[in-house]
Structure formats: structure tokens, C-alpha cells
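Make the full structure from the sequences, and use the hints.
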Amino acid sequence: MEPLLHLENCSLNIDGRQILNNLNLSVKEGTIHSILGSNAAGKSSLAYLIMGCCDYSVDKGKIYFAGKEITNLPISKRAKMGITLAWQEPARFEGLKVRDYISVGMRKVDEYLIEEALREVLLEPKDYLDREVDKSLSGGERKRIELASVFAMHPKLAILDEPDSGIDILALDNIINIIKGLKKQGSTIILITHREEVAQIADITSLMCSGMVVKEGSPQEMSKYFKEKCVPCPTKTFPQEENI
Amino acid sequence: MQDYQLILEAYNRSGGDVSVFKQSNMAHLVVHKNKVIGMNSVKGLVLIPKEKEYGIEATIVVEKGVRIENMVHLCFGILPKEGIQEIYMKVRVEDGGGIKLLAHCVFPNAVKIIHRMQADIDIGNNSYYEYNEVHFHGEEGGVEVIPKAKIKMGKNSSLVTNFSLLKGRVGYFDLDYESEIRDNSTLEMTAKIYGYGDDRIKIREVGHLLGKGSKGVIKSRVAVRDNAISEIINELNATAPEAKGHVDCIEIIQGNAQAKAIPIVNVTNEFAKVTHEAAIGRVDKKQVETLMARGLEEEEAIDIVVRGMLK
Chain A
1447 MEPLLHLENC SLNIDGRQIL NNLNLSVKEG TIHSILGSNA AGKSSLAYLI
1497 MGCCDYSVDK GKIYFAGKEI TNLPISKRAK MGITLAWQEP ARFEGLKVRD
1547 YISVGMRKVD EYLIEEALRE VLLEPKDYLD REVDKSLSGG ERKRIELASV
1597 FAMHPKLAIL DEPDSGIDIL ALDNIINIIK GLKKQGSTII LITHREEVAQ
1647 IADITSLMCS GMVVKEGSPQ EMSKYFKEKC VPCPTKTFPQ EENI
Chain B
760 MQDYQLILEA YNRSGGDVSV FKQSNMAHLV VHKNKVIGMN SVKGLVLIPK
810 EKEYGIEATI VVEKGVRIEN MVHLCFGILP KEGIQEIYMK VRVEDGGGIK
860 LLAHCVFPNA VKIIHRMQAD IDIGNNSYYE YNEVHFHGEE GGVEVIPKAK
910 IKMGKNSSLV TNFSLLKGRV GYFDLDYESE IRDNSTLEMT AKIYGYGDDR
960 IKIREVGHLL GKGSKGVIKS RVAVRDNAIS EIINELNATA PEAKGHVDCI
1010 EIIQGNAQAK AIPIVNVTNE FAKVTHEAAI GRVDKKQVET LMARGLEEEE
1060 AIDIVVRGML K
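Chains A and B are the protein sequences, given in the same order.
Convert by adding 1446 to the 1-based position in the first sequence; the result is the number in this note's numbering.
Convert by adding 759 to the 1-based position in the second sequence; the result is the number in this note's numbering.
Hints listed in this document are in silico derivations from the structure and should not be mistaken for laboratory results.
Ideal Cβ positions, reconstructed from N, Cα and C, are used throughout, including at glycine.
All the pointers check out, no bait thrown in.
BS3-like cross-link-like pairs, simulated, lysine-lysine; straight-line CA separation at most 27 Å:
#1 B:LYS909 to B:LYS978
#2 B:LYS974 to A:LYS1581
#3 B:LYS1045 to A:LYS1526
#4 A:LYS1506 to B:LYS1044
#5 B:LYS792 to B:LYS951
#6 A:LYS1514 to A:LYS1554
#7 B:LYS961 to B:LYS909
#8 B:LYS781 to B:LYS859
#9 B:LYS1045 to A:LYS1543
#10 A:LYS1572 to B:LYS1070
#11 A:LYS1543 to B:LYS859
#12 B:LYS974 to B:LYS907
#13 A:LYS1508 to B:LYS1045
#14 A:LYS1508 to B:LYS1044
Stretch by stretch, here's where chain B covers chain A in the computed footprint (C-beta under 8 Å, at least three residues):
#15 1494-1502
#16 1516-1523
#17 1526-1537
The following block contains the structure:
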């Protein structure tokens, strides 16, 4: 079966620094695909590259989504095809109400569905709908609202860049349930996380090192491998064949 | 009669609710050029307009201890393409009094219009005064708006001013508000403006925190695009103990627009404190990309960010 997303030999260079290096990745439809790797492995850059963010255009390689090449498409076109991204540190918007923020990605604005999306992330709609998506919200609240907006969009592919960062341990189960809920509603998920308990819900895990996907397997296998071989990193700068 | 209807129509288009002019318990004043074409007052409020050659002189007095329950609505406008309107307002809020005003200034067909306003405002002790001004201009950009205000406030009182010019072209705009704040009184001044084409925007808002425990916030939100130019001076002077203030200016520029922010904080008492923040730049890339990642085009995303900031 053709993957929903396929990256073929993608390289990315920013200001003379090689961020991604001949990266190959295939994501199957309907799966939770987690990305594991140490800091600066290129995980967030991969997320921005797939979304098509400014400054994250491939130097070489191709990106395919649902059988169509999207390598040179801008963000909004990719979003209209069903790709979206939840940023690790979501932006804040002065003057924009939570209600309006969540509705931005909805094909048809429906108050009930906006409220449902907030309930999904355990936020009481009456307490949040008329609040602004600004600095009056805590980091954790902002993360939840970001996930609610992704949920309301019903994307084909949701890229979640560390949805669990800045979330207290008690709320972790909720984040896991939100991700599972996204899958249940039909979204495919690319999940970037450092938390083992969150990564375990993935169907498959890719291990990244120095801008490459170096290994793939079950989350349990990859987590074990990562702890044994990558912490601390034996090569510092580049993956060695014997370590892969 | 026709002028009255047309002014109300423009008032409605600027976001005003015309039904307020039919309610006997709500004070209002409607002025077209130099003619008073509608007026109502309520108990405890003295409202005396005098027609002059190019506008009106209005005396507004809130009597001692009277808190005007409903918002007082003012509407100033010029319907033809050209004209001059000069409004002189003398406002006095006597001790213990309070009033909230909403003024709509409408120039829907402006090609060459000058609108000057001079307000002398005296707010007593234990009083409040809130003045909201909304402008609606046409698309020609031929409006000169020059509002000036000198405000003196007593003890334990509050002053709020909100100015917004978000519909139609700004034209030439030169706002100058200066206020003196006494013991335990508070000041909040906010201006929000969206300029484009060859609009010129100058804002000077000054607060003198003269009284012990006085507080002030001056906030500006300005967006300029095309060849528009803005210059914002926000100034807070704290000379009394326990005076506190904050100056906050954000300007967004697009295209060939130019923006200048000059925050001035002047503290001459060791027990006073004034802070400031100012930011000028293009629309935040992450905000725009976040909205684009939900399916908006870049222009739509920028519009949401800018309008949100100005809301």
C-alpha cells in the first residue's frame, strides 16, 4: 500500500549548516508514527519541512503526500490537502479569541464542534471560548488549545511537535488520549516526543540522528536501542555504521 | 432631516447602534458640520452645544455625585466631500460624578475634510471619565483629523480613553492627549489605528503621574502598510511617591511603510516606577505560519494577526 507521506532523499541546509541529510521516511495512513532522536537530531526541522514552513525548503529530494508531489507547495496548499502542524511552542495571538482560533481550520464553522474540540483537551468551553489566545494563557493551556485546533481541523496528517512538553505529569494521560482520539477520528500522526510513555502509543518509530532516519522499528525496540546505543551519543556528530 | 438620516447611516456603518438615539434615558448629541441635528440629555447631565462658524462648542457637566447610568453617545460628521468641522468641548465631572462617552466621527465621503477637536477636561475627586472615540472615514484618504485634549484629574478618580480608526483611510492624523493624574487616580490611554496608502499618523499621549499612588498605562497598537508612515510618542512622567506606570507600543509594518516609536519614561521620585516596551516589525512569521497551517492564505493570515492586534 502506498504511504500517505513519503520523503525521498531530502536534504536541508540552513545558513551553511546541514540540518537534514538524504533523509528517507515513509508514513503509513492511519498510523501513529513517532520520531525519536536526541536534541539537534533534526526532528523539529523535519516537522517544518513536511509542513512547508518558510526557510525549510529542501535543497534536494522530494516529498509526496497522498500520491502527489508537494515538494514546492506553500504551507496553505499543504494545509488544504490535509496536513497540519502543532508547534512545540505555539504562537500567541493578541485579540484573537479561542473560539475564532479553533474555527480557522474548520471547513464549516460549527460552535458545537469547537466546544467538542475544547472538551477533547479537557478545557471547559464556557471558560475558554471568549478568552484570547494571548499571554494570559499558561503554556499548558496554550498547548491544549493548539491541540484542540488540530482536532477541530480533522487533518489527514497531524504533525505533533512535542505535544507533551510543558505539560505536567498528571496531564500526560490526557495528551495520550488526545493523540489516540486524533487517530480514531481518522488522522495519521507524526509524533515527536522525548517522553517514553507517550512514544509507546506509536505504531512505528523512526530513529533520527544527524538529520537522517537511521533505524525504524517498534517503539519499544527503538526506545531500548536509543537508551543503549545513543545515550550518551558515541559519535557526537555523525552516525557510525557499527552503531546503527 | 435628510442629513440626520444620512449621518445615522454612516454612524451605523462605523459600528454604532442607531437605536440609542431613540431612547429617552440615553443622552446623545449629533452634529453635522456646525449644526446640532439631534440631542437628548438626562438628569444630572448638563449638555449645552453652541453652533459656531465651523463647528460647535459643547459644554458637558456631570453634576456632583451623579453617575450617568447609560453611555452618552456623540456623533460628529460631515457628509459632503469637503468641509471643516471644529469641535471644542469643555467637560467637567464634579466630585463623585461619572460618565462614559462613545463618540463616532464619520466622514464617509471625505475628499478634503478637516476635523479638529479641542477638549478641556476637568475630572473631580472620586470620579470617573471614560471617552471612547471611533472614526469612520471613506477610502479617498482626504481627511485631516487633529484631536487635542488637556485633562486634569482629581484624587481617587479614573480616566480611560480609547481611540480607534480602523475603518477607511486614515488620511492625516495628529492626536495629542495630555493628562495630569493626582493621588490614587488611574489613567488608561489606548490608541489603535490601521494606516495604508499614503496615510500619515502621529500620536502623542502623555501622562503626568503627579499624585501619590497614581497609576498610568499608555498603550498604542498601530499597523501600517503601503507607503503609510506612523510616529508614536508615549510619555509617562512620574514625580510622586508610589506612582506606577507602563508604556506599551506595538507597531506592525508591511510593504514600504515606516514606523517610529518613541517611548519616554521620566521618573523623578525614588519610590516611583515606570516601565516600557515597544516593538516594531513585520507580522510575526510564526503567527502567520500557524494560521497558514490551518489552511489560510498568507494575506488572510496576516489580516487576522493585524486585526487581532487592533481589536
